[in-house]
Amino acid sequence: MNVILLRDEQLRARLLELDGEAPDGFYEDVWDGIEVHGRTVARRRTLAATLVLAAAVAALTSAAVHALTHEGKRIFAGPRTVQRSYACTIPSANGVPVLTVDAAPLAGYASPKPVPAHVIVNVGAPIGVTLPPPIVDWTGGYAIPPFDTGRQCTHAAAVAYTPRGLTLEGVYPHTRTGGNGVYAPSLQVRCLYAAHVLISARVQLDKRGRAVSAKLAIRSARGKKPPIAYVEWSPALVRAYTDPSSCFDS
Amino acid sequence: MAPTEIVSTRSARRLKRDRFEGLLRAHASRLRRLCHGMLTDRTRVDDVLQEAFIKAFRKLPPSFESPAHESAWLYKIVYRCCLDELRRARRHRTAPLEEPVDDAMERARSSLSIIRALRELTPEARAAVLLVDLVGFDYRTAAAALGVPEGTVASRLSNGRARLHELLGEERRDQ
Numbered sequence: 001m002n003v004i005l006l007r008d009e010q011l012r013a014r015l016l017e018l019d020g021e022a023p024d025g026f027y028e029d030v031w032d033g034i035e036v037h038g039r040t041v042a043r044r045r046t047l048a049a050t051l052v053l054a055a056a057v058a059a060l061t062s063a064a065v066h067a068l069t070h071e072g073k074r075i076f077a078g079p080r081t082v083q084r085s086y087a088c089t090i091p092s093a094n095g096v097p098v099l100t101v102d103a104a105p106l107a108g109y110a111s112p113k114p115v116p117a118h119v120i121v122n123v124g125a126p127i128g129v130t131l132p133p134p135i136v137d138w139t140g141g142y143a144i145p146p147f148d149t150g151r152q153c154t155h156a157a158a159v160a161y162t163p164r165g166l167t168l169e170g171v172y173p174h175t176r177t178g179g180n181g182v183y184a185p186s187l188q189v190r191c192l193y194a195a196h197v198l199i200s201a202r203v204q205l206d207k208r209g210r211a212v213s214a215k216l217a218i219r220s221a222r223g224k225k226p227p228i229a230y231v232e233w234s235p236a237l238v239r240a241y242t243d244p245s246s247c248f249d250s
Numbered sequence: 001m002a003p004t005e006i007v008s009t010r011s012a013r014r015l016k017r018d019r020f021e022g023l024l025r026a027h028a029s030r031l032r033r034l035c036h037g038m039l040t041d042r043t044r045v046d047d048v049l050q051e052a053f054i055k056a057f058r059k060l061p062p063s064f065e066s067p068a069h070e071s072a073w074l075y076k077i078v079y080r081c082c083l084d085e086l087r088r089a090r091r092h093r094t095a096p097l098e099e100p101v102d103d104a105m106e107r108a109r110s111s112l113s114i115i116r117a118l119r120e121l122t123p124e125a126r127a128a129v130l131l132v133d134l135v136g137f138d139y140r141t142a143a144a145a146l147g148v149p150e151g152t153v154a155s156r157l158s159n160g161r162a163r164l165h166e167l168l169g170e171e172r173r174d175q
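Chains as they are written, first to last, in the numbering used here: chain A, 1 to 250; chain B, 1 to 175.
By construction, these hints were calculated from the structure, which means they are not laboratory data. Among the hints, erroneous ones may be present.
Unchecked claim - Not the full set, but computed from the structure, chain B residues with beta-carbon under 8 Å of chain A:
| id | residue |
| --- | --- |
| 1 | 15 |
| 2 | 50 |
| 3 | 65 |
| 4 | 114 |
| 5 | 164 |
Stated by the list, open to error - Pulled from the structure, derived: some chain A residues nowhere near chain B, Cβ distances all over 12 Å:
| id | residue |
| --- | --- |
| 6 | 10 |
| 7 | 12 |
| 8 | 36 |
| 9 | 37 |
| 10 | 41 |
| 11 | 58 |
| 12 | 167 |
We put the beta carbon where it would ideally sit given N, CA and C, even for glycine.
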């Protein structure tokens with residue numbers, strides 16, 4: 001093939017034939033475009049700043065609400081029902097699995113430091129051993145904290161909320177006594193021998209996320225799943241049923 | 001915002017505009033030729049250049065280390081915009097329009113042939129040839145503008161030149 005090559009200078013000359021002249025009005029269009037773009041960016045920045053400000057206000061408000069409720073443990077808000085069911089293995093305390101159930105109505109509400117109504121389900125532990133976080137824990141007047149923060153349990157099907165098969169352990173109405181370090185009568189039981197239990201709690205929350213009524217049912221996870229305890233709770237009244245063969249008032 | 005701040009903001013914007021106008025005055029015709037050579041389609045040059053200039057104005061730094069750095073920065077923006085346009089065209093399968101015939105028939109014919117020859121090169125080789133042989137960049141500045149090592153520029157340039165020599169030489173022989 002016979003190819004005639006151009007010299008580099010000739011190539012440069014050919015490249016200069018490319019169009020280098022801007023049409024009339026081109027730069028006016030460029031400046032118009034820059035102005036329009038500048039205004040669009042300014043609008044976007046204003047919008048973004050507004051959104052960031054709104055998000056910051058929302059975050060601050062949320063953080064403030066969060067901080068003001070039960071040492072920042074609140075996770076539920078709004079009037080609704082929360083239900084949780086767990087299967088738990090109860091560690092032994094001094095050789096015996098111990099489940100503790102405490103429930104109290106509001107006491108000493110007229111005093112400067114009333115004892116708030118509460119429910120706590122926990123596991124016992126040998127003396128000197130730090131208790132794990134409660135499995136179930138709520139206190140009237142505060143938004144309820146998360147359940148089972150110690151992850152001692154797994155989720156399970158709910159058990160029946162009924163006192164059938166149990167004995168009435170006590171009825172604890174709210175009282176003006178208590179507070180200032182003096183405790184009014186309340187449910188405080190230790191249930192032994194149940195190494196595997198099923199725990200269900202159904203809590204009714206008000207619009208501020210505070211517990212206003214609740215039911216708590218505990219059954220053994222073994223065999224025919226015999227009931228261990230059942231508690232109906234409100235800040236004004238606690239009614240408790242237990243299995244007297246395994247639970248005793250502590 | 002206080003009146004003095006408004007005045008200083010306006011004057012800063014005015015200064016930026018003056019700087020940018022100076023930059024465009026110095027490079028406008030070469031940038032247009034580069035863009036034309038890259039796209040090989042005159043009808044799309046204005047849009048791409050406008051997009052590139054808006055981007056450049058928006059990102060214009062307060063100062064440059066050197067004139068070469070300034071040039072590399074500006075040509076890089078135009079080169080990238082051309083590549084984006086070529087990709088867009090490929091996606092939408094836009095065939096380049098035939099160049100309109102100018103009044104100066106001879107000029108149109110030769111311009112047409114250089115466009116056809118450039119179209120035979122890859123966009124990267126085209127850019128290397130245009131930046132070095134048309135704009136007059138050294139390898140280092142061209143490499144900075146293209147975002148590749150100098151050796152790559154040399155290689156692309158060599159291949160591009162050889163191909164262009166071949167195509168344009170054949171064409172001249174045919175005439």
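Would you list, in rising numerical order, the hints stated earlier that this structure does not obey? Checked against the structure, the hints that fail are numbers 1, 3, 6, 7, 8, 9, 10, while the rest are satisfied.
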